[in-house]
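Q: Generate coordinates for the entire structure from the input sequences, incorporating the hints supplied.
Top to bottom, those sequences are chains L and A.
Counted the way the working numbering counts, the first sequence spans residues 1 to 492.
Counted the way the working numbering counts, the second sequence spans residues 1 to 497.
It is worth saying that the hints were derived from the structure and are not from the lab.
Do not take every clue at face value.
With a Cα cut of at most 27 angstroms, we get these calculated DSSO-like pairs of lysine-lysine [claimed, not checked]: (1) K409(L) - K203(A); (2) K25(A) - K439(L); (3) K108(A) - K439(L).
Label-pair distances were calculated between CB atoms; the ranges are [as the list claims (entries may be wrong)]: (4) V441(L) - P28(A): 14 to 24 angstroms; (5) A8(A) - R26(L): 46 to 56 angstroms; (6) L15(A) - I298(L): 29 to 39 angstroms; (7) Q447(L) - A462(A): 34 to 44 angstroms; (8) N109(A) - F457(L): 26 to 36 angstroms; (9) E270(L) - T2(A): 50 to 60 angstroms; (10) A161(A) - Q447(L): 24 to 34 angstroms; (11) L22(A) - E449(L): 12 to 22 angstroms.
Owing to the predicted nature of the structure, the values given are computational and were not obtained by experimental measurement.
By construction, the Cβ of each residue, glycine as well, lies at the ideal position given by its N, Cα and C atoms.
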Amino acid sequence: MVAHFPALLVIIPLIGAPICMLVRVRDWSWAVATICTWASFAISWLLLQQVISDGSISYQMGGWAPPIGIEYRIDMANAFVMLIVTGIGSVIMPYARESVRAEYGVRRVYFFYTSYLLCFCGLLGVAATGDAFNLFVFLEINSLATYVLVGMGKDRRALTAAYQYLVLGTIGATFIVIGIGLLYAETGTLNMYDLADRIEKVGASRTIGAAFAFLVVGISLKLALFPLHLWLPNAYTYAPSMVSAFLAATATKVAVYVLLRFLFSVFNIELTFDVLPLDYIFAALAVIAMFAASTVAIFQENLKRMLAYSSVAQIGYIVLGISLHNAAGVTASVLHLFNHAIIKGGMFLALGCIVYRLGTVNIHHLQGIGRRMPLTTAALVTGGLGLIGVPLTAGFVSKWYLVIAAIEKGWWPLGLLVLLSSLLAVVYVWRIVEVAYMKPVPENAEQVEEAPSSLLFPTFILIGASIYFGIDTDLPLDAAIETAKQLTGNGE
Amino acid sequence: MTSSTAIAFAIGVPLLGTLLILLHKRYPNIREAITLGTAATLFLIVLSILPEVLAGERPNLTFIEFLPGISIAFEVEPLGMLFAMIASGLWIVTTFYSIGYMRGHHEKNQTRFYACFAIAISSTMGICFAGNMLTLFIFYEVLTLSTYPLVAHHQSPEAKAAGRVYLGILIGTSIGFLLLAILWTWHLTGTLDFEEGGILSGKADGPLAGILLFLYMYGIGKAALMPIHRWLPAAMVAPTPVSALLHAVAVVKAGVFSVVKVIVYIFGTDFLSSIHHDDWLMYVAAFTLVAASCVALTKDNLKARLAYSTISQLSYVILGAALATSAGVLGSGMHIAMHAFGKITLFFCAGAIMVASHKTEISQMDGLGRRMPFTFIAFAIGAMCVIGLPPMGGSWSKWYLMVGSADAGHFIFIIVLIISSLLNVAYLLPIVGRGFFRPAPPETNDGNHQDHSHAGIKEAPAFCLFAMAISSAGCIALFFFADRIIKLLEPVAKAAG
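A: Below you can see the structure in the form of structure tokens.
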């Protein structure tokens, strides 16, 4: 049983999905989805412990030896990412029941949970697999399910958002598959570890260069690196609240993992950053993302859209860490992956609570919300402090490492830029504070009470985690340092 | 109670007070009694640490190591001890004053006011006792955030605009410059602890040390060095007790206190005087000192005039520390105490005038002193303390600052200090003169115009008067008991020499 954990992790949600489809009694499908998510969480926790104690695990699908068969290779990097995905999913599921009922209805709710489980399964598959083509397959499973989930939003514009995401996502996926195809043409293998060896031997041939370019652009689209982020704001804005929270916390994070895996494990560091000047390109795009997206966030009236743009900016920080390509930089990136997942997930959940009661998150309708829904607003603002990177929140820890990494690299102006861009976060978070606490409740406002505890509780778990991991940094920090060591040590 | 637990209590008790205040929001009398009780308890706790510090010990407490090598740690040293005593002691006085003022002025949201005030004091205690730069930074930020609701208390558009300026400048400088400086220091030295003799010596050479000094000095926006002083006048829209305790004592002193800490324990005075990239700081401080006094002369609004006076006085402290001599550092430390008592008295008077007569402009105060003699006498005492005239405490700190300038060989600053003192006389004492010697404006009886006469004006509520009496008595007491402060600060000054 224990030996099959890497496969079970992916198979449980994959089997859960059709079961959801069959269980059409009220919202029993929710129960199925929750059980699958929690089981995956337990497994990924055990896997992480196993990786910490015994090193990386290789699992041969169906007993076929790599490189012919599909290999699942679990090391620190993907064990940690899977823990993030399953952990966030486990917290969000109890929230989903009420929230989805309010925003999507109960009548065909099994569609929702089926899509969710497929999306969840795709993310885990992408993270777990050690086979490049298998990765593409799971990426598509995840993407298709995500388009459906986004389209389930209450607002009719959710459909256009889903369509837009579909078009762009497909372009990204095509690029990725072209890249993988070129790699296969040049090396004759699809196993990532085998690929790494063979690419090292081949060196920077034109085919390898082209494959690299296609892969980087395709993955960058998936992780919404500026200027390939255009699908993200609409998708996050119009998707159901639970979906926004889940996607913001996990989908882009897994894409970042894929980028790390290709840049550092499959292609080696010299090829990525010395032969091809990817570090400068990434650094420039990341800085533009940090400033441009944060500035755009300031002018948004819809708070979900504001958080979406803030996500684009935060992805900028993550990519900036990657562009430094030293151990400290990758540590900062992986750390921020975790911290941002918690913070942004928590904030989207808080907005979901407001949607549940008010039906809108337009900033003009939230006057005095601090007095009407004090707990929700407190959660939202606390999350916002994390985004700014106020000390004793998780956001501070990752910024600390990012700036140290920039100084270590000798690129200290980047450190200054990171700090200055967080001032923009102060501005957009403070807009919420002013509207929520400094404006009187409008006279004709309808009476609303605090969100139900089934929504509040998960919100507070994530927001509480953003404080907890700002003070007790051991778990994410050790994992991030270990991951960075593994990834950057590969090419040195 | 050991000193370590006392440190924890000093930070925890005001927070506990906040909680109790919030729980009793429907019972104003209980709420205010809680504030008073918390303030008194805090003062006793802080005093209980004093004997050990006087004996030369450094009580410390380490909470959690939240990044490898960096923990939230506290260590009490003389400067912090002095600052903590001032802040906690004056909190009691200010609470009395607040009760009179807030009720007399019929302010809204009083629970939020008292709660945020307590958080602000808690974070001030954290700053006082911080054992490393990061701990200081954390509490510095908490102080900024917790005082924002106090500045924007009235929730009017102008209060909110002022709140934005306040937050924008303080957060902007601290995140943009101070945090970068801290990170850089960490990168260079691998430690952030406050150590005697500094930690940067030998780790940062010439120009880099100059850049770091710049980042630190302009990162600590609360020290209000020009040109990042605008937040302080903006903060004057707050209710007067806030201006009195926070924007004359806790917040601004936290700023200059951090400056002194950085100069003495991060750079080290020996190192600083050896690098020759620090002269600009003295000149900027000297410029701020004179320029702010000149601006103060032009202000007709009493609180605005006091705010600019504060900016000027803060630069005395920075100048003293930047001189990097024994007497200079001693003068700096003393001036934190002396100016605290003088300026809080002045603000108490300004608030009392506002409550009693609703007058905010100096030009409206002709003859008011005869109606409110007690207030104006207290104002005179506070003014003399700020100017530095005996028998008020302020004279000592200015004396040591001048000695420090002479020791450092910068005689020009003695002249600057004298000019500034004359300017202080010029913008403070005429207010007293107006109050007592100018004729009051005649009564106007047409109902359409605002009544500028003083008919019916009486002294402010008794709570306010009591607070003013205590603080002005403090100004005088400090003159006679200044040796106690000198004794407390001696180890710091010696290390600086």
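Q: Run the structure past the numbered hints and jot down the numbers of the failing ones, going up.
A: The structure breaks none of the hints.
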